[in-house]
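S.K.: Residue-level listing of the chains:
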Amino acid sequence: MFETIQSVPLNHYILFCSLIFAIGVIGVLTRRNVIVIMMSIELMLNSVNLLLVAFSVFFGDSSGQVFVFFVMALAAAEVAVGLAIIMMVYRNTRSIDIDILNRLRW
Amino acid sequence: MIDLIWLVPLLPLIGFLINGLGRNILSKNLVAWIGCGVVFFSFLISCVLFNSVYQARQLGEDAATTIQVFEWFKVGSLSVSMSFLLDPLSAIMLLIVTGIGFLIHIYSIGYMKLDLGFNKFFSYLNLFIFFMLLLVLGSNYLIMFIGWEGVGLCSYLLIGFWYKNSSFASAGKKAFVMNRIGDLSFLIAVLLMFVSFGTIEFGGVFPQAAKMVLGDNTVVLISFLLFIAATGKSAQIPLFTWLPDAMAGPTPVSALIHAATMVTAGVYMIVRSNILFTLSPVVMQLIAVIGLVTALVAAATAITQNDIKKVLAYSTVSQLGYMFLGLGVGAFTGALFHVITHAFFKALLFLGAGSVIHAMSNEQDLRSMGGLRKQLPITYITMLVGTIAISGIPPLSGFFSKDEILAYAFAENKFLWIGGFIAALFTAFYMFRLLFLTFFGKFRGTFDQAKHLHESPVSMKFPLIVLAILSLVGGFLNVPAALGGSSSLALFLAPIFSDSVALSKPFHLDHSTEYVLMALSAIAAIGMAVYAYIQYVQKEVIPYPDNVERSFLSRLSYNKFYVDEIYNALVVKPLNSISTFFYQIVDKSGIDGIVNGLGKGVNESGKMLRLLQSGNVGFYIFLMVLGVMALLLYGIYTI
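From first to last, the protein sequence lines are chains P and Y. Heads up: the first sequence begins at 1 in the working numbering, then just goes up one per residue. Heads up: the second sequence begins at 1 in the working numbering, then just goes up one per residue.
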């Protein structure tokens with residue numbers, strides 16, 4: 001199996017994951033819908049996961065894959081808490097547009 | 001007994017503390033007893049000390065003792081202690097300060113009786129006596145300087161005693177500022193002295209100086225600076241205008257400070273440092289010329305003044321000019337003799353004037369007085385004695401002291417003698433003018449004043465009588481050889497001047513010349529008295545009121561030769577405009593601008609930074625991303 005993964009050069013993996021990460025960042029910065037922002041965050045985390053596994057395969061060090069497990073668990077927990085917060089925001093402001101939340105302005 | 005010398009200044013200091021701290025609590029009676037009592041005890045101890053010095057001098061000893069009270073400070077090679085020097089000169093000055101001080105304290109009981117600040121007045125008087133005693137007793141220049149500055153301070157406090165009147169307060173300020181200029185000069189001289197002699201003790205400086213060559217530059221500079229200090233303290237040209245203004249203070253103050261003691265401090269200091277001056281012939285000539293010019297200018301101003309105290313003030317400046325003339329021509333004993341006799345008759349004249357002012361319900365203008373002989377007999381007789389004394393009519397004290405100075409002046413330079421002679425003419429004239437306008441003729445005051453005319457109480461009469469007796473007999477302290485006397489004062493003071501006498505050319509005047517000079521001045525003085533009598537008693541001339549046109553010379557004299565106006569234009573106005581410049585532009589706009597500007601800058605930047613808080617979450621996240629990127633870049637490039 002490692003040969004299959006290693007048949008794609010490492011540079012491809014790095015470029016691909018960087019692109020996905022950049023898309024995720026732009027999504028977080030640009031979109032107004034909070035659900036879409038959560039999805040973009042997930043996208044960023046997943047791109048990092050992929051890169052970690054690629055490095056683990058290419059250098060034969062399994063600590064990369066262990067780290068992926070942690071990241072996935074963390075992503076799940078974070079989504080749970082994030083959605084709970086979004087629920088409370090929706091109940092109070094009847095909207096999921098983050099531009100509504102500007103009470104911390106001067 | 002000589003160990004108790006430290007009691008002499010300490011008692012007035014204690015009097016000051018008790019009277020000053022208890023000025024709102026103690027009764028006037030108690031304050032008067034304490035105030036006069038401490039000075040009286042100081043006087044008694046001074047008498048005992050003088051007696052011991054006198055006995056020692058009779059045995060032919062130098063009679064100079066230094067008593068150290070405590071060590072003040074020690075820095076490197078300079079060790080200064082509070083130590084007193086008891087020698088013939090300081091013994092005499094002790095007697096004058098405490099004796100006349102005591103008489104004036106007694107006088108003040110009567111004069112200031114109705115004043116609300118009675119207690120404060122006595123505390124200030126005691127403080128003044130304390131500082132004056134430090135001045136005359138100090139055995140080094142630093143202790144003398146403490147006393148020097150302290151009497152300037154007390155002069156300010158006492159001149160501006162009735163401080164609610166702003167012109168009186170200004171007069172006090174003027175006196176203090178002019179004194180201060182002299183103080184600066186004194187301090188520089190003391191510093192120079194330390195640099196060149198390594199010590200500031202009299203016993204260290206004078207023997208070293210005696211070995212120096214005549215005209216040594218450092219000694220000339222030191223003595224010049226000391227002379228400037230003396231012009232400030234003793235009201236000579238150019239620093240004399242504070243003394244007439246100082247008449248704003250109560251009359252006992254004028255008598256004590258501006259006649260008998262403080263203004264003679266300059267003369268005392270020069271007499272004490274006589275060796276330094278003898279080594280600087282240039283400075284001696286300067287002293288003589290300035291003394292003479294001061295004597296003439298002040299005398300010329302006094303002849304048209306109409307305020308009884310102003311006449312006496314200009315008379316004091318003129319007599320101080322005489323003393324400086326005496327110092328300048330080498331008549332150190334003569335100058336000191338004149339200090340003593342002047343203290344007697346000037347204090348007497350001022351106290352008498354105070355008595356007149358008191359009787360006239362605080363009127364001071366000569367044009368409103370007249371014919372007071374009948375109501376104020378004791379005042380009249382004592383003032384008559386004082387006037388005859390100051391005019392230099394024999395055998396009263398003024399004649400002997402003035403003539404000694406004039407004889408030395410004649411031996412030095414005929415022109416100095418002529419100037420001194422003319423000043424003596426003026427002196428006799430304006431003093432008798434004062435006497436005649438006050439006590440002779442018809443009364444020119446208001447009806448209310450006439451009703452209140454009364455002779456002074458005993459507390460004011462007693463000092464007048466004592467001082468009159470002293471003015472009568474004081475001359476016999478130093479009768480010159482030409483008149484068959486033994487010059488006892490000169491003999492008494494000989495050790496002080498021994499170094500100077502060794503260096504300067506001896507005084508020699510034919511006895512016949514001396515007789516001629518004495519006769520000339522006596523006859524001239526009597527002649528001017530007669531002239532004044534003719535003018536003011538027989539012809540009943542009354543001085544012009546203020547709005548009448550006067551001749552040019554009369555105007556010059558009446559307006560005090562416009563010296564105050566010249567000083568105002570040359571010194572006061574430029575200083576005021578410089579001060580305004582520094583205040584408005586440098587301080588308010590410049591420094592405050594910078595400090596306030598910093599605050600404003602911080603404020604403005606805060607206002608701008610505040611706008612970053614837009615509340616827009618997207619913007620915050622964007623900045624977070626930027627921050628993380630910056631950290632990563634930093635990490636990549638440094639590791």
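Everything labelled a hint here was simulated from the structure, so no lab data went into it. Small disclaimer: the values here were computed from a predicted structure and weren't measured. Heads up, the beta-carbon is just placed ideally off N, CA and C, and yes, glycines get one too. Check each hint, because a few of them may be wrong.
The following label-pair restraints were derived from C-beta to C-beta distances [said to hold, decoys possible]:
no.	chain 1	residue 1	chain 2	residue 2	range
1	P	Trp-106	Y	Asn-596	21 to 29 Å
2	P	Ser-95	Y	Leu-609	28 to 36 Å
3	P	Ile-23	Y	Lys-600	45 to 53 Å
4	P	Trp-106	Y	Ile-636	30 to 38 Å
5	P	Ile-23	Y	Leu-609	31 to 39 Å
6	Y	Asn-576	P	Trp-106	49 to 57 Å
Now the stretches of chain P that chain Y is said to cover, found in silico as 3 or more residues with beta-carbon under 8 Å [unchecked claim]:
no.	stretch
7	4-15
8	77-90
S.K.: Decide, hint by hint, whether the structure agrees.
M.R.: Here's how the hints hold up against the structure:
1. P/Trp-106 to Y/Asn-596: 21 to 29 Å: Given a distance of about 25 Å, which is inside 21 to 29 Å, the answer is holds.
2. P/Ser-95 to Y/Leu-609: 28 to 36 Å: Between P/Ser-95 and Y/Leu-609, where Cβ atoms are some 30 Å apart, the hint holds.
3. P/Ile-23 to Y/Lys-600: 45 to 53 Å: For P/Ile-23 and Y/Lys-600 the Cβ distance comes to about 47 Å; the hint holds.
4. P/Trp-106 to Y/Ile-636: 30 to 38 Å: holds, 35 Å
5. P/Ile-23 to Y/Leu-609: 31 to 39 Å: holds, 33 Å
6. Y/Asn-576 to P/Trp-106: 49 to 57 Å: holds, 51 Å
7. 4-15: violated (count 0)
8. 77-90: violated (count 0)
In the structure shown, a violation is registered for the earlier hints numbered 7, 8, in ascending order.
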